[in-house]
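Q: Model the full structure from these sequences, guided by the hints.
Top line first, the protein sequences correspond to chains X and E.
Numbering follows the working numbering, with no gaps: position 209 of the first sequence is 209.
Numbering follows the working numbering, with no gaps: position 139 of the second sequence is 139.
It is worth saying that the hints were derived from the structure and are not from the lab.
Since this is a predicted model, take the numbers as computed values, not measurements.
Quick reminder that beta carbons are idealized off the backbone N, C-alpha and C, glycines included.
Treat each hint with caution, since some may be false.
[Unchecked claim] Okay, the calculated beta carbon distance ranges per label pair:
(1) A52(X) - E214(E): 55 to 63 Å
(2) A112(X) - P138(E): 20 to 28 Å
(3) T47(E) - Q23(X): 48 to 56 Å
(4) K63(E) - A52(X): 49 to 57 Å
(5) E214(E) - E296(X): 34 to 42 Å
(6) L50(E) - A52(X): 39 to 47 Å
(7) K63(E) - S159(X): 52 to 60 Å
(8) P138(E) - Q23(X): 51 to 59 Å
(9) R104(X) - E214(E): 32 to 40 Å
(10) P170(E) - R129(X): 51 to 59 Å
(11) R129(X) - L50(E): 50 to 58 Å
(12) N128(E) - G113(X): 24 to 32 Å
(13) E111(E) - L176(X): 32 to 40 Å
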Amino acid sequence: MSLIVDIRKDFGKFRLRAAFEAQNGITGLLGASGCGKSVTLKCIAGIQRPDAGTILLDGRPLFDSQRHIDLPPQKRRVGYLFQNYALFPNMTVQQNIAAGVRERRGRDETVAGLVRSFHLEGTEHKYPRQLSGGQQQRTALARILASRPEVLLLDEPFSALDSYLKWQVELELSDLLARFPGPVLFVTHDRDEVHRNCKNVCVLDHGKSQPLQSVHQLFQSPATLSACLLSGCKNISRARSLGDGRLEALDWGAVLRYAAPLPRELSHVGVRAHSLRPAEGPGENRLLCRVERVVEEVFSTVVMLSTPGGRQGFSQLRVEWPKAEWAALEQPEQLWLELPPEALLPLSEH
Amino acid sequence: MDWYPLFNSLRIALISTFFTFFLGIFAAWYVHKLPRALKGLLDCVLTLPLVLPPTVVGFFLLKLLGPNGPVGGVILEAWGRKLVMTWYASIFAVIIVTFPLMYRTVRGAFEAFDRSLLYAGKTLGRSNAWVFWRVLMPGCKQGLTAGTVLAFARGLGEYGATSMVSGYTPGRTATISTTVYQLWREGNDALAYRWVFVNLAISFAVLLCINLLERRERDGRWSVGSREV
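A: Quick look at the structure:
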C-alpha cells in the first residue's frame with residue numbers, strides 16, 4: 001500500500017507545500033515546531049482542507065481538488081493518533097475502544113481481543129485520567145486499530161510523556177507498529193526518534209517538504225542545511241566551492257578538502273561534533289583553535305572553540321569528547337583540530 | 001394565600017427553559033463554527049436581549065404578537081385566539097430574555113472544548129451526530145448545566161417583558177414578580193413580604209444548586225480541557 005500526498009495550503013504568510021510518498025513501514029516527517037507537520041496530518045485525515053492538490057491512498061483519492069473529491073474523515077480510513085491521545089474522558093477504556101469499532105456485530109469480541117493484544121487487561125472499566133501515559137497511548141492505539149484504518153498517522157506520539165517513561169513506551173509502540181501492514185507516518189521534531197523508529201524520512205522546512213530519503217542518508221549525508229540541522233549537527237559554516245576538491249568555510253576562515261560529492265548549489269558545510277579530532281600540529285584540514293569554553297556533560301566534555309579566521313561568537317566549533325580524552329589534553333588554551341575530509345557534509349540551502 | 005402566582009411562575013420558567021436549552025445549544029454550535037466576521041455580528045444580535053431593557057423586548061413582542069401584529073393577527077384570524085394578555089404569552093418573553101444566558105455560556109464551553117476529541121471521533125468513523133451527542137455534550141456538561149440553571153433562575157424572576165405581554169390578572173396571568181409589584185401598589189405589605197420571602201427562598205435554592213453541581217463536577221470524573229497525562 002502507499003500514501004501519496006501532494007498538497008498546497010496557504011495561511012497568510014505561511015505556505016505549506018507538502019509532497020511525498022509513504023510506502024508500507026514507518027516514514028518519518030521531521031521538522032521544527034511550526035513547520036506544518038500537524039497541518040499536513042490534518043489534511044490527510046480530512047480535518048483540514050488543503051487549498052489544492054491530491055491525496056491518494058493506495059490509488060483511492062481521499063482528496064483531489066481538480067476532480068472535486070474531498071472525502072469526509074469518516075470515509076478515509078485514516079487512523080490518527082493525536083498528540084494528547086484524544087481519549088474520550090467520559091468513557092472507560094472499553095467504551096473508548098468500542099467507539100472505534102465500526103460494525104455493531106461482534107463488537108464485544110473485537111474489543112476484548114484488542115484489550116488483550118494491547119495488554120490492557122484490568123483497565124477495561126477505568127477512565128482515561130486513571131491510566132498511566134503508556135496505558136493511555138495503548139488505549140488510543142487500540143481504539144484506532146479497532147476502526148481498521150489503512151494508514152496510521154502518529155502526531156508526536158511521545159511528547160506528552162515524561163522522559164523516564166518515554167523509553168519504555170517507545171519500545172512497546174514500535175513492537176505494536178511492526179504488526180501494522182500499511183504505511184505509518186510518524187511526525188516528530190526529534191532526530192533520535194526518527195533514527196530509532198523510521199525507515200525513511202521526509203524533512204519539512206518552513207512548510208516545504210524535501211525529497212524523501214532513507215534515515216541512513218539523513219544522518220550520513222544530509223543534502224540540505226535544514227536536514228543537517230534537524231539531524232542534530234551543531235557545527236555549520238557558510239561555504240563556497242574552490243573547485244579542485246576544496247571548499248572555503250567562510251565562517252571558520254579555512255580552506256578544507258572534502259570527500260563527499262558537492263550538492264548542486266553549495267551554500268554551507270557541516271561537521272558533526274564527535275567527528276572532530278585533536279591533532280598534533282599543522283597540516284591539511286587542520287585548524288589552530290582557541291579554547292573558549294568547557295562544558296562538562298554527564299559522560300562527555302563539550303568544548304567550544306573559536307577559529308582564527310572566523311567571526312567571534314558565531315563561528316565557534318563545538319567538539320564533544322569522552323571525559324578521559326579531554327583530560328589527557330591537560331586543559332590547553334589552544335589546540336590543533338582536524339576536520340577529516342570524509343566527515344565534512346557539503347550542504348545546499350534548499 | 002393564593003398559590004397561583006408560584007404555580008404560574010414555575011410553569012412559565014420550566015417551559016421556557018426547555019426551549020431555551022435547545023435553542024441556545026444549537027445557536028451556540030452553529031455560531032462557533034462560523035468565520036470570524038460573521039460570528040461577531042451574529043453574536044451581537046443574539047446577545048442583544050441580555051443588554052436591552054426588558055420593556056423594549058416586551059414592546060417588540062406586543063407589536064409582533066398583538067392582535068394587529070403580523071403573527072398575532074394571523075393566529076387570531078385562523079384560530080380566533082389572542083396571544084397577548086394570556087399566561088403563555090410570557091413564555092415567548094422569557095425565552096427571548098433567557099436565550100443569551102444559555103447561548104453565551106454554552107458557546108464558551110464549546111470554544112474551550114478540546115477539538116481533537118471531535119476529530120478523533122470522526123476519524124474513527126463515527127457520524128457527526130454521534131460525536132456531538134456522545135463526546136461534545138458530555139464534555140460540556142458543566143457549561144450546559146450552568147447555562148440552564150441561569151436561564152431558569154432569570155426566567156423565574158422575569159418582570160418587565162412579562163408584565164407587558166401578559167399583564168396582571170389574578171388567577172390567570174399573575175406571576176410572583178407581578179404579584180409583588182401589585183401588592184406593593186395596593187399597600188398590602190404583609191402579603192408582599194410573604195411573596196418576597198418565597199422569591200428569596202427559590203433564588204437561594206437555585207444558587208445552592210449551582211454551587212453543589214460545580215463542586216461535583218470538580219471532584220467527579222468530568223474534567224474538561226485539562227486532563228492529567
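Q: Using the C-beta atoms of A112(X) and P138(E), is the stated range 20 to 28 Å upheld?
A: Given range 20 to 28 Å: holds, Cβ gap about 24 Å.
Q: Regarding R129(X) and L50(E), is the given constraint of 50 to 58 Å on their beta-carbon distance met?
A: 35 Å, violated
Q: Given a hinted range of 34 to 42 Å, is it respected by the beta-carbon distance of E214(E) and E296(X)?
A: Violated, since E214(E) and E296(X) (Cβ atoms, about 52 Å apart) do not stay within the stated range.
Q: Holds or violated: the 49 to 57 Å window for the beta-carbon distance between K63(E) and A52(X)?
A: Check passed, 51 Å falls within 49 to 57 Å.
Q: Quick check on a hinted range of 24 to 32 Å for N128(E) and G113(X), using CB atoms only.
A: Because 28 Å falls inside the window, the suggested range holds.
Q: Taking 51 to 59 Å as the stated bounds, is the beta-carbon spacing between P138(E) and Q23(X) within them?
A: 40 Å, violated
Q: Is 52 to 60 Å respected by the C-beta to C-beta distance linking K63(E) and S159(X)?
A: Because 59 Å falls inside the window, the suggested range holds.
Q: Mind checking the hinted window 48 to 56 Å against the Cβ distance between T47(E) and Q23(X)?
A: Distance hint for T47(E), Q23(X) holds at roughly 53 Å.
Q: Does the Cβ pair E111(E), L176(X) satisfy 32 to 40 Å?
A: The hint (32 to 40 Å, Cβ to Cβ) holds, given that E111(E) and L176(X) are roughly 35 Å apart.
Q: Starting from the range 39 to 47 Å, see whether the pair L50(E) and A52(X) falls in it by beta-carbon distance.
A: 43 Å, holds
Q: Range hint 51 to 59 Å: satisfied by the CB atoms of P170(E) and R129(X)?
A: Check passed, 55 Å falls within 51 to 59 Å.
Q: May I ask you to test the hint 32 to 40 Å on the CB atoms belonging to R104(X) and E214(E)?
A: The hint (32 to 40 Å, Cβ to Cβ) holds, given that R104(X) and E214(E) are roughly 37 Å apart.
Consistency with the previously given hints fails for numbers 1, 5, 8, 11, ordered from lowest to highest.
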